[in-house]
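Asker: Letter by letter, the chains look like this.
2 protein chains.
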Amino acid sequence: MEIKSKIGNRIKELREIKQMSQKDLAYSADLDRSYIASVENGKRNISIVNIEKIAVALGVSLKEFFNKQEFN
Amino acid sequence: MEIKSKIGNRIKELREIKQMSQKDLAYSADLDRSYIASVENGKRNISIVNIEKIAVALGVSLKEFFNKQEFN
DNA sequence: ATGTAGACTGTAGTCGACC
DNA sequence: GGGTCGACTACAGTCTACA
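So the protein lines, in turn, are chains H and E. Residues in the first sequence are numbered consecutively from 522, following this note's numbering. Residues in the second sequence are numbered consecutively from 522, following this note's numbering.
Honestly, I wouldn't trust all of these hints.
Copies of the same chain are indistinguishable here, so a pair counts whether it falls within one copy or spans any two.
[Claimed, not checked] Cut-off 25 Å, straight-line C-alpha distance, at most; resulting in silico cross-link-like pairs (BS3-like, lysine-lysine):
no., residue 1, residue 2
1, Lys539, Lys584
2, Lys527, Lys574
3, Lys574, Lys544
Rather than coming from a laboratory, the hints here were simulated on the basis of the structure. Given the structure is predicted, the values throughout are model-derived calculations rather than measurements.
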């Protein structure tokens, strides 16, 4: 699977665990909701600054964010 | 420290362990050498696709790449 | 072998709207 | 609540060149 999709899946997974809507996450991470949607669907090549913003908004470190089998 | 600098440091660290020059890495990752230089110096907001390319070129998974204290 | 600069092209990321 | 489209602006990433 492509890295963009893996990232999208991971964000969605963590967002649902935290019981946040895309709108909630977009607000917390100071990003656009339509953008969050396209990232979750693996359509965007997100930058590290925004990955970090999202990780912070989801309450995980980057280390935790990437600490998943699919990133091995 | 800013995330862009952390990424740059991590790339440089791994690159030196592998005893590769910036040119070697740029070639393996199919990126521009001047771009690698600016990323290592924390001046660029690199995208996930290019982080993955670099990780592959350095022989580590994304999980390993981010498995460092500074990403906690 | 690395840093940086300038000019260029492509795309990340914003915003409003509608389904 | 989430997906997507279109128009826009900002910046990622390329390439050449010189220190």
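Asker: With 25 Å as the alpha-carbon cut-off, assign the pair lysine 574 and lysine 544 to within, between, both or neither.
Answerer: within (14 Å within a copy, 31 Å between copies)
Asker: Are the CA atoms of lysine 539 and lysine 584 at most 25 Å apart within a copy, between copies, both, or neither?
Answerer: both (18 Å within a copy, 22 Å between copies)
Asker: Within, between, both or neither: how does the pair lysine 527, lysine 574 come out at a Cα-Cα threshold of 25 Å?
Answerer: This pair counts as both: shortest intra-copy Cα distance 17 Å, inter-copy 15 Å.
When held up to the earlier numbered hints, the structure conflicts with none and fits them all.
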